[in-house]
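Chains as they are written, first to last, in our numbering: chain A, 52 to 211; chain B, 52 to 211; chain C, 52 to 211; chain D, 52 to 211; chain E, 52 to 211; chain F, 52 to 211.
Accuracy of the hints is not assured; some may be wrong.
Computed far set for chain B versus chain A, every beta-carbon distance over 10 Å [to be verified]:
1) 69
2) 75
3) 96
4) 131
5) 144
Covered by chain B, per the in silico footprint, the following chain E stretches (three or more residues, Cβ under 8 Å) [claimed, not checked]:
6) 119-125
7) 142-150
Below 20 Å or equal to it, Euclidean Cα-Cα: the simulated DMTMM-like pairs (lysine to aspartate or glutamate) are [claimed, not checked]:
8) E:209 / E:149
9) C:73 / E:131
10) F:186 / E:78
11) F:119 / A:151
12) B:186 / A:143
13) C:72 / B:131
14) E:186 / F:185
15) E:209 / F:185
16) F:72 / D:78
17) A:73 / D:131
18) D:73 / A:78
19) F:65 / D:149
20) A:65 / F:78
21) C:73 / B:71
22) F:186 / E:185
Because the hints were derived from the structure by calculation, they are not lab data. All C-beta atoms, glycine included, are put in the ideal place defined by N, C-alpha and C.
For reference, the chains in residue letters:
There are 6 protein chains.
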Amino acid sequence: MDRLTHFDEKGRPKMVDVSEKKITLREAVASGIISMKPETLGMIMNKQIVKGNVLEVAKVAGIMAAKKTSDLIPMCHPLEITHVEMLFNPREADSCIEIESKVKIRGRTGVEMEALVAVSTAALTIYDMCKAVDKGMVISQVKLVRKSGGRSGEYQAKRF
Amino acid sequence: MDRLTHFDEKGRPKMVDVSEKKITLREAVASGIISMKPETLGMIMNKQIVKGNVLEVAKVAGIMAAKKTSDLIPMCHPLEITHVEMLFNPREADSCIEIESKVKIRGRTGVEMEALVAVSTAALTIYDMCKAVDKGMVISQVKLVRKSGGRSGEYQAKRF
Amino acid sequence: MDRLTHFDEKGRPKMVDVSEKKITLREAVASGIISMKPETLGMIMNKQIVKGNVLEVAKVAGIMAAKKTSDLIPMCHPLEITHVEMLFNPREADSCIEIESKVKIRGRTGVEMEALVAVSTAALTIYDMCKAVDKGMVISQVKLVRKSGGRSGEYQAKRF
Amino acid sequence: MDRLTHFDEKGRPKMVDVSEKKITLREAVASGIISMKPETLGMIMNKQIVKGNVLEVAKVAGIMAAKKTSDLIPMCHPLEITHVEMLFNPREADSCIEIESKVKIRGRTGVEMEALVAVSTAALTIYDMCKAVDKGMVISQVKLVRKSGGRSGEYQAKRF
Amino acid sequence: MDRLTHFDEKGRPKMVDVSEKKITLREAVASGIISMKPETLGMIMNKQIVKGNVLEVAKVAGIMAAKKTSDLIPMCHPLEITHVEMLFNPREADSCIEIESKVKIRGRTGVEMEALVAVSTAALTIYDMCKAVDKGMVISQVKLVRKSGGRSGEYQAKRF
Amino acid sequence: MDRLTHFDEKGRPKMVDVSEKKITLREAVASGIISMKPETLGMIMNKQIVKGNVLEVAKVAGIMAAKKTSDLIPMCHPLEITHVEMLFNPREADSCIEIESKVKIRGRTGVEMEALVAVSTAALTIYDMCKAVDKGMVISQVKLVRKSGGRSGEYQAKRF
């Protein structure tokens with residue numbers, strides 16, 4: 052198993068040196084789930100009442116958060132990301148909403164963290180907008196789905 | 052069931068008016084879990100190798116993120132939080148780390164989102180610092196544990 | 052005419068001292084207009100095509116920008132604003148959209164700048180989202196409509 | 052007329068994918084006007100009293116805001132801008148100040164929004180610094196003057 | 052000697068709990084020095100050439116940085132500061148500029164860090180604006196001059 | 052001696068145009084000192100009591116601040132820095148801690164300011180975390196140690 056790359060020889064945290072890495076197209080997809088009461092999901096999805104706005108606001112929040120990743124995660128490099136998109140998949144049978152983000156860059160390091168931050172922030176925004184009616188919502192299964200580009204190459208989550 | 056408070060009568064998003072709410076001591080506790088390979092947990096916990104730094108960095112990240120909550124979550128009010136603390140509880144049996152945050156304020160609105168943002172960002176920071184050795188880590192069970200203060204009073208998560 | 056309050060006796064910029072001002076409920080309303088081609092307005096308003104989303108995104112951007120006011124305007128105090136709301140009024144006859152914001156606080160200084168920043172940023176967001184089809188859009192009439200609260204009392208724009 | 056590029060096929064907002072665009076030199080010029088009482092303009096311009104500082108502060112605010120564009124405008128890409136400059140042209144006959152910004156980059160997407168954000172924020176800063184003596188100031192004619200670089204090529208505002 | 056207040060019993064960093072502290076008027080003054088070549092000082096002070104702008108820009112930077120203190124210093128509380136002012140005192144005999152800041156608040160905790168951040172950032176801004184002609188500038192003697200308010204009461208630096 | 056590059060012909064501040072500069076590997080090293088009472092240094096270094104955490108938190112703060120440089124220093128360009136590392140060297144004989152940072156980039160302009168901001172913020176963080184026991188700490192000798200890359204080439208501080 053490799054060394055943890057964010058620590059130098061003496062275990063001190065640092066921002067990994069990517070100066071010598073190649074600029075390539077890199078892509079990452081992350082996903083997560085927010086579970087809630089069936090009534091809450093109904094209120095979110097019922098366009099008559101809330102006009103689908105919870106998910107619109109969550110999407111904007113997720114996209115904006117992806118851009119703040121290096122401001123939130125201490126050892127992340129600031130990156131000129133070239134694309135972010137987010138999908139929301141309501142699953143009535145499980146009374147949850149599945150959130151997926153895709154982030155792209157032409158850069159020296161990957162965008163896994165940007166994709167994960169987008170998913171987490173979108174989920175937290177859904178929590179915030181619905182907490183008056185359902186404080187028991189739970190965010191789960193936040194993970195990297197796949198990544199491509201860069202020296203370490205392709206990654207695909209196993210059970211997905 | 053109440054109306055979603057972040058939407059006005061026509062379903063348009065707004066930042067809820069808390070001008071008339073009372074200033075009281077409000078407290079929120081949130082928690083979450085990040086699961087990983089046993090080897091990854093071992094590397095984090097093994098002070099010989101990494102000197103416990105992953106959790107130190109994650110703690111700082113969580114505390115700093117709590118202060119950015121209103122910058123991340125669109126409808127959150129900017130708040131002068133008066134306290135943040137974070138606990139990390141490694142659970143070898145489950146090969147995961149449990150993260151808990153507590154946030155306090157004397158203000159007109161609660162700090163649930165601040166506590167949840169702290170937990171999520173700490174978990175994401177652990178992911179970032181260890182992703183070179185374990186891309187399959189998963190963040191789960193991010194939820195509000197309890198809150199107190201304010202008109203809506205005490206909340207305690209059920210299955211906790 | 053009073054002295055410019057952001058300058059001290061020698062004309063040096065400073066952040067005005069509001070330590071001795073009273074905490075009162077303060078409110079400000081600002082408005083502005085973004086003019087565009089009739090086709091552009093049609094595309095924004097046509098829910099079949101764009102689902103009203105341009106205005107949803109602009110609203111979120113305006114609310115979030117209000118919270119960043121003291122980060123943008125050098126001499127503005129950081130403030131715990133308690134309410135922001137935004138209205139969009141499409142005026143087909145004039146081929147423009149009128150934007151209005153209302154901001155409230157219980158604090159030591161007013162929220163005029165927060166209301167103006169919200170309107171400006173919402174207008175700029177509309178420009179950004181539609182510039183692929185209409186680079187000639189123009190933002191105008193950005194002004195304070197009224198304010199209340201504080202020592203200087205009520206203000207109401209004349210020609211409004 | 053083209054599709055609004057910030058929306059995907061189903062009208063959902065996204066950050067446009069510019070991964071395949073070429074890196075070229077791109078430039079944008081924007082302008083705007085802030086109108087005020089003649090006395091206010093006199094106070095700003097009279098170096099004996101305020102030493103030209105209102106415009107100095109506004110210039111710094113505009114330059115700093117250009118760098119925050121992707122943090123303010125939800126669908127804007129984070130960009131390593133290579134140049135910002137601002138000009139202020141007081142027009143006594145019209146009792147207003149004309150503000151102009153120029154922004155440059157070598158990148159995959161244009162800097163129109165950066166130029167517009169710089170002008171708007173400079174105008175808002177002038178408002179903030181003078182509002183103690185003139186709450187009736189109005190910001191108008193905020194628009195893109197010209198842009199160059201990129202696939203869509205040259206743009207020049209018509210009536211300018 | 053007291054315990055380091057930013058660490059709990061087990062030495063873990065936390066944001067100190069100030070929920071039970073009283074709201075009082077608190078004030079802090081900090082200062083620092085930036086030393087440079089006599090020619091550099093001459094260029095800064097010579098209004099014919101640079102119109103005093105280096106110090107104007109540094110002043111704006113210092114004031115804006117004071118507002119970002121809780122975003123920079125991990126364990127600082129976010130605070131609604133009510134006043135910031137900055138003074139620059141060029142000392143030709145020592146070929147340096149002395150920088151002083153004063154910050155005020157009515158709050159539960161002091162503003163020492165805000166005053167120190169303002170001084171440091173103003174000094175760094177002077178460095179940045181003059182580094183093309185003098186890379187050897189040195190920032191020194193950054194310290195708290197005095198503070199008042201709060202339980203710990205008055206503090207006055209000894210050798211000042 | 053050269054002109055101050057942040058001012059145009061009439062002495063107005065601007066962000067220097069680096070559009071035509073070459074992308075090269077650029078590196079900067081900065082350092083600084085924070086002096087304190089021997090007891091304070093002892094408390095920081097005594098792992099039994101504080102587990103080395105003051106320096107861990109200061110390191111994270113310094114790295115995160117380097118990424119905020121263009122947000123703090125008005126005329127700095129936003130940069131995709133590729134590496135930051137920080138070293139702390141406690142000097143018991145002088146009762147101080149020496150702080151050193153190294154920043155790297157492949158870009159059109161240097162990273163001197165990023166290195167200086169990292170050092171300053173780490174020093175301020177040490178002050179913040181220890182100020183309960185030692186308000187008299189002083190930050191000194193903050194300077195550029197060396198830089199390489201770019202047209203102006205190598206720089207090495209003389210008395211170091």
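Hint by hint, here is what the structure shows:
{"no.": "1", "hint": "69", "in the structure": "holds, 12 Å"}
{"no.": "2", "hint": "75", "in the structure": "holds, 18 Å"}
{"no.": "3", "hint": "96", "in the structure": "holds, 12 Å"}
{"no.": "4", "hint": "131", "in the structure": "holds, 19 Å"}
{"no.": "5", "hint": "144", "in the structure": "holds, 19 Å"}
{"no.": "6", "hint": "119-125", "in the structure": "holds (count 3)"}
{"no.": "7", "hint": "142-150", "in the structure": "violated (count 0)"}
{"no.": "8", "hint": "E:209 / E:149", "in the structure": "holds, 18 Å"}
{"no.": "9", "hint": "C:73 / E:131", "in the structure": "holds, 14 Å"}
{"no.": "10", "hint": "F:186 / E:78", "in the structure": "holds, 15 Å"}
{"no.": "11", "hint": "F:119 / A:151", "in the structure": "violated, 29 Å"}
{"no.": "12", "hint": "B:186 / A:143", "in the structure": "violated, 29 Å"}
{"no.": "13", "hint": "C:72 / B:131", "in the structure": "holds, 19 Å"}
{"no.": "14", "hint": "E:186 / F:185", "in the structure": "violated, 32 Å"}
{"no.": "15", "hint": "E:209 / F:185", "in the structure": "holds, 13 Å"}
{"no.": "16", "hint": "F:72 / D:78", "in the structure": "holds, 16 Å"}
{"no.": "17", "hint": "A:73 / D:131", "in the structure": "holds, 18 Å"}
{"no.": "18", "hint": "D:73 / A:78", "in the structure": "holds, 18 Å"}
{"no.": "19", "hint": "F:65 / D:149", "in the structure": "holds, 17 Å"}
{"no.": "20", "hint": "A:65 / F:78", "in the structure": "holds, 16 Å"}
{"no.": "21", "hint": "C:73 / B:71", "in the structure": "holds, 17 Å"}
{"no.": "22", "hint": "F:186 / E:185", "in the structure": "violated, 32 Å"}
In terms of the numbered hints stated before, the structure departs from hints 7, 11, 12, 14 and 22, listed from lowest to highest.
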